[in-house]
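J.: What follows is each chain in one-letter form.
There are 2 protein chains.
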Amino acid sequence: MSALGFPKTPSDKKALEEGAVFSPRFDPAGLVTVVVTDAEDGMLLMVAHMNAQALALTLETGIAHYWSRSRNALWKKGETSGNFQHVVEMRTDCDQDALWLRVKVLGHDATCHTGRRSCFYRTVGLVDGKGTLVDDGSKPLFDAEFTYRKPSS
Amino acid sequence: MSALGFPKTPSDKKALEEGAVFSPRFDPAGLVTVVVTDAEDGMLLMVAHMNAQALALTLETGIAHYWSRSRNALWKKGETSGNFQHVVEMRTDCDQDALWLRVKVLGHDATCHTGRRSCFYRTVGLVDGKGTLVDDGSKPLFDAEFTYRKPSS
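Protein sequences, first through last, are from chains A and B.
For the record, in the first sequence the residue sitting at position 19 is 19 according to full-length UniProt numbering, with numbers rising by one throughout.
For the record, in the second sequence the residue sitting at position 91 is 91 according to full-length UniProt numbering, with numbers rising by one throughout.
Note that these hints are calculated values from the structure, not bench results.
Source: prediction; values computed, not measured.
Careful, some of the hints might be misleading.
Pairs count within a copy or across copies, as identical chains cannot be separated in the list.
[As the list claims (entries may be wrong)] No farther apart than 30 Å at their CA atoms in a straight line, the calculated lysine-lysine pairs in the DSBU-like style are these:
#1 K139 / K104
#2 K13 / K150
#3 K104 / K13
#4 K150 / K130
#5 K104 / K130
#6 K76 / K139
#7 K14 / K150
#8 K14 / K130
#9 K13 / K76
#10 K14 / K76
#11 K8 / K150
#12 K76 / K150
#13 K139 / K8
#14 K139 / K13
#15 K104 / K150
#16 K139 / K150
With the sequences and hints as input, model every part of the structure.
T.: As structure tokens, then:
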């Protein structure tokens with residue numbers, strides 16, 4: 001566990017938006033939204049969430065930790081795949097309910113669980129009045145099926 | 001109102017992650033998270049949310065519409081400031097619960113309600129064991145106080 005805590009949201013809007021005190025606004029589930037981009041070329045890699053513990057560990061270790069909403073568990077990104085995220089810079093937005101991590105991805109330089117570099121590999125458009133996705137052709141950088149296989153019982 | 005609807009999330013994971021049908025996964029509040037970057041230089045401008053209506057209007061008009069969680073209302077970004085967002089490209093992520101808009105900002109080329117170009121104008125770091133924000137010095141591009149003033153009664 002980390003000892004690092006975060007102060008409550010100030011009631012003064014100016015303090016929240018222009019101040020120097022980091023007081024992240026966690027949602028009712030205790031999470032903030034995190035946008036993750038590549039520090040070198042700015043590519044959007046993923047959108048994830050952090051609770052206070054994941055955020056504290058990220059600040060203290062410089063390695064990105066998240067809260068997995070699907071597994072309901074703390075998630076040190078890269079623990080299985082080796083694709084850890086080294087945090088080059090963290091930013092927050094005007095009302096401190098979102099974070100931006102600029103990272104260097106280790107391992108295969110892949111962030112998506114499908115093996116691709118980015119989770120955003122499909123464009124959205126309207127075709128005959130229906131929302132339609134087009135794959136941008138980006139290829140897996142590692143064998144996700146092998147990496148994330150479950151141990152046989 | 002828009003007539004455009006969105007199909008339910010497929011139960012098949014492969015269809016969700018690799019398919020061509022756009023089936024955005026709205027959260028229990030009916031929203032998806034939207035990351036907005038500048039189409040030209042990739043700068044992260046803001047994080048916002050869309051409900052189905054805002055998403056449909058965005059796809060149909062090519063101008064970004066959001067759902068304002070603070071005002072509980074549909075929000076055509078730029079309606080007050082003139083800083084509309086023209087959508088150059090929309091993408092979705094592997095499990096279709098987040099969207100990425102690459103936009104050209106009209107008007108003052110400013111996205112933040114403080115008048116700055118981006119909402120992410122402060123870095124986060126640890127100073128003496130406390131989360132501390134440092135302003136990056138980006139200046140307002142329009143007079144937010146004047147633009148968003150309330151009409152006197």
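J.: First find the shortest C-alpha distance between K14 and K130 inside one copy, then the shortest across copies, and answer within, between, both or neither for a cut-off of 30 Å.
T.: between (43 Å within a copy, 20 Å between copies)
J.: Pop the pair K104 and K13 into one bin, within, between, both or neither, using alpha-carbon distances up to 30 Å.
T.: Between copies only: 29 Å across, 33 Å inside.
J.: For K139 vs K13, is the C-alpha pair at or below 30 Å within one copy, between two copies, both, or neither?
T.: between (45 Å within a copy, 18 Å between copies)
J.: How do K150 and K130 come out at 30 Å by Cα distance, when the copy is not named: within, between, both, or neither?
T.: neither (37 Å within a copy, 40 Å between copies)
J.: Please sort K8 with K150 into within, between, both or neither, judging by C-alpha distance up to 30 Å.
T.: between (41 Å within a copy, 29 Å between copies)
J.: For K13 and K150, with the copy left unspecified, which applies at a CA distance of at most 30 Å: within, between, both, or neither?
T.: between (48 Å within a copy, 17 Å between copies)
J.: Taking 30 Å as the upper bound on the Cα-Cα distance, should K14 and K150 be classified as within, between, both, or neither?
T.: Result: close only across copies, 18 Å inter versus 50 Å intra.
J.: Using 30 Å as the alpha-carbon threshold, which applies to K13 and K76: within, between, both, or neither?
T.: Cα proximity of K13 and K76: across copies only (23 Å, versus 33 Å in one copy).
J.: Measure nothing new, just compare the shortest in-copy and cross-copy C-alpha distances for K76 and K139 to 30 Å and report within, between, both or neither.
T.: within (24 Å within a copy, 36 Å between copies)
J.: Please sort K104 with K150 into within, between, both or neither, judging by C-alpha distance up to 30 Å.
T.: Within. Shortest intra-copy distance 28 Å satisfies the 30 Å Cα cut-off; inter-copy 44 Å does not.
J.: Given identical chains, is K104 near K130, meaning Cα to Cα at most 30 Å, within a copy, between copies, both, or neither?
T.: between (37 Å within a copy, 24 Å between copies)
J.: Go through the copies and call it for K139 and K104: within, between, both or neither, with a Cα cutoff of 30 Å.
T.: both (19 Å within a copy, 28 Å between copies)
In summary, the structure is inconsistent with hint 4 from the numbered list given earlier, while agreeing with all the others.
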